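Novice: Now for the letters of each chain:
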Amino acid sequence: MDRRTRVLIAKPGLDGHDQGAKVVVRALIDAGFEVIYTGLRQTPEQVANAALEEGVDVIGLSSMAGSHLPFCRKLKPLLEKYELNDKLWIIGGVIPAHDQPALLEMGVDGIFPTGSKLSDLVQFIKEKVA
Amino acid sequence: MSGELPGGIRRVVNESGIEIKPVYTAADVEATGGSDMIGLPGQYPFTRGIHALMYRKRPWTMRQYAGFGNPRDTNQRFKYLIANGQTGLNVAFDLPSQCGLDSDDPMAEGEVGRVGMAIDSLRDFEIAFDGIDLDQITVSMTINGSAAIMIAMYLAMAEKRGYDLKTLRGTAQNDILKEFVGRGTWIFPVEPSVKLVGDTIEYCAQNAPKYTPVSVCGYHIRESGATPVQEIAYAFCIAKAYADDAIARGLHIDEFAGRLSYNLNIFGNIFEQVCKFRAARGLWAKIMKEEYGAQDPGSMWLRMIAGGGGGGLTFEQPENNIVRGAYYALISALSGTQTMALCSYDEAYTIPTEYSARLSLRTMQLLIEEMGLCDTVDPLGGSYYIESLTNMMRTDIEKIMADVDARGGIVKLISEGIIQAEVSAQAYQMQKAIEEGRFKKVGVNCYRMDEEEKEVAFHPYKDEDARLQIDSLDTVKAQRDAAAVQAALDRVQADAAAGINLMPAIVAAVKQYATVGEITKRLVAVYGRYQEPIRF
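Chains X and L supply the protein sequences, listed in that same order.
Be aware that the first sequence starts at 1, since it is given in my numbering, and climbs by one per residue.
Be aware that the second sequence starts at 1001, since it is given in my numbering, and climbs by one per residue.
Please keep in mind that the hints were generated in silico from the structure rather than gathered at the bench.
Please note: incorrect hints may appear among the correct ones.
To be verified - Pair by pair, the computed Cβ-Cβ distance ranges are:
1) L:Val1013 with X:Gly115: 20 to 30 Å
2) X:Glu45 with L:Arg1535: 18 to 28 Å
3) L:Glu1370 with X:Glu45: 51 to 61 Å
4) X:Tyr82 with L:Arg1161: 50 to 60 Å
5) L:Ile1534 with X:Gly107: 49 to 59 Å
6) L:Arg1072 with X:Ala102: 20 to 30 Å
Stated by the list, open to error - Covered stretches of chain X (chain L as the covering partner; in silico rule of three or more C-beta atoms under 8 Å from a C-beta of chain L):
7) 18-25
8) 50-61
9) 88-100
The model shown is predicted, which means the values in this text are computed figures rather than measured ones.
For glycine and all other residues, C-beta sits at the position ideal for the given N, C-alpha and C.
Construct the entire structure; sequences and hints are all you get.
Specialist: Given below as structure tokens:
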């Protein structure tokens, strides 16, 4: 494929802490990806729609305020409905270890909790979307 | 950051970009601007402290950030903290309340009571502060987008309990401009948002003159990636924007400036932080006196809560955060803060437990009772290094402020997303510096250990709490006078459309138990919602 890998970075729900998401956006742009950043306050419908309209390869969520499980439970059926469940689904932020099995079960492909390295994230996407 | 100087000496440049010499002398103080700005504590320009005796008279207020679940849960935590020696309250609201949504709003699902307490109506304020003496314990509310409504509810609750608004103290964060840069709980577009802040300043000046309607935050701008000098410069530019709005309404600077305060960050290098606060105090006094013609010394005081410092804490080796917290508290005490709130060591993971919140309180109490931090004012004052660095940082803050003005002013730069893009670019550079080991973080890029993620005790989130809150909201709605509520909401919308001060209408509406969501919807009908500029 000639086309550059397209990555959606979304801020789900009401959480306003976007420093981490914006740092990730910059790292992905530097790594040569095409990045679509949604901004704050995204509903599950908005995230799924953006992923569909932008034809992305990767759907990334950044969650710092603890509502990742209820949000992902609502997003999952929408990803299935729009046939986006083959896309790489990743999530980063304050994601406690005890929530990770439930996220993986739902179909999340990669979890990057606070403290993860940008280079590891870039490497992960490159390996999975080739 | 480091590198090497000729002769193999380690090169040191602080986060503010100032190169640090191995030794300072009196000549450095002279070369950086001299001693004119040092003065005495309690005297202009207040570099050494806003009061003559500072902690010798009374230690700083201890005000740990707290709030979760419904108002009943939060009331219990408040009472626990007070029983353990806390001297002020610092209220955390949940995200729906901060964003102007009721607990039964579809957007609120999964977020009710999660990161703070849920507030829908005046009834919730009555429950949250039940049994707490509002004259003895001052209450600070971390609220911004919906601050006008929450201030109205707080004042209405206090009035109902018989407190005199003329003497009631308390603080609302209510710094909406910084929400557009970091933290993100905005609701309306920039211009009406600033107008609403002006409404609260004007209303409080006239009706609750001891209440602090705005606490200008460098804190979150620093968390978003700003350097210490930028933190102060941007906060001052923002404070001036609010002051200019109030003056345009015909208020005199001395009618409100004494009730503005600051919320500033403390993570980082001890000496750089202390000098930041000393530089800021002198410069703020100078701005108020020389630019705004303030006469009342109280208008020139940089009153502050200096605490938190979450950006310096790490997910790795969380116990190290207990030690960092102790140093941050030391910084804050050496800097002459009025109020302190420490981030608890588990705050990178969860809402602090009673145990960790108590540990933060004890950290501050140790400084007061055992370590001699309350014995003498500005103990670092007069050090060649401290005075030189204070001078250099003050000069740099002034330069950044002049640059902001030259580029069209802070409101324009924030509206266009320019400040946001600049601080996020810096946050990215800092993250790279940490990952590459150029900027040291213990436990992150040095002294690492192979370890499993620590099982920190997690604050439980109960869906049941959200259901109880929605039930309580339904009860309030069923019991109130529906026609009076509609009339009060109509007045809010009409006053918003007319462009007059909204506080009287909002106060009248909350007294009828109109909800946060209902009032916000009426304001959105006039103002619309903020559209975030995406800029990288």
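Novice: Each hint needs a verdict: does it hold in this structure or not?
Specialist: Tested hints:
1. L:Val1013 with X:Gly115: 20 to 30 Å: holds (26 Å)
2. X:Glu45 with L:Arg1535: 18 to 28 Å: With Cβ atoms ~25 Å apart, the hint holds.
3. L:Glu1370 with X:Glu45: 51 to 61 Å: At roughly 56 Å between Cβ atoms, Glu45 (chain X) and Glu1370 (chain L) fall inside 51 to 61 Å, so the hint holds.
4. X:Tyr82 with L:Arg1161: 50 to 60 Å: holds (53 Å)
5. L:Ile1534 with X:Gly107: 49 to 59 Å: This hint is violated: roughly 27 Å between Cβ atoms.
6. L:Arg1072 with X:Ala102: 20 to 30 Å: holds (29 Å)
7. 18-25: holds (count 5)
8. 50-61: Contact hint for the segment 50-61 of chain X vs chain L: violated, 0 residues under 8 Å.
9. 88-100: holds (count 4)
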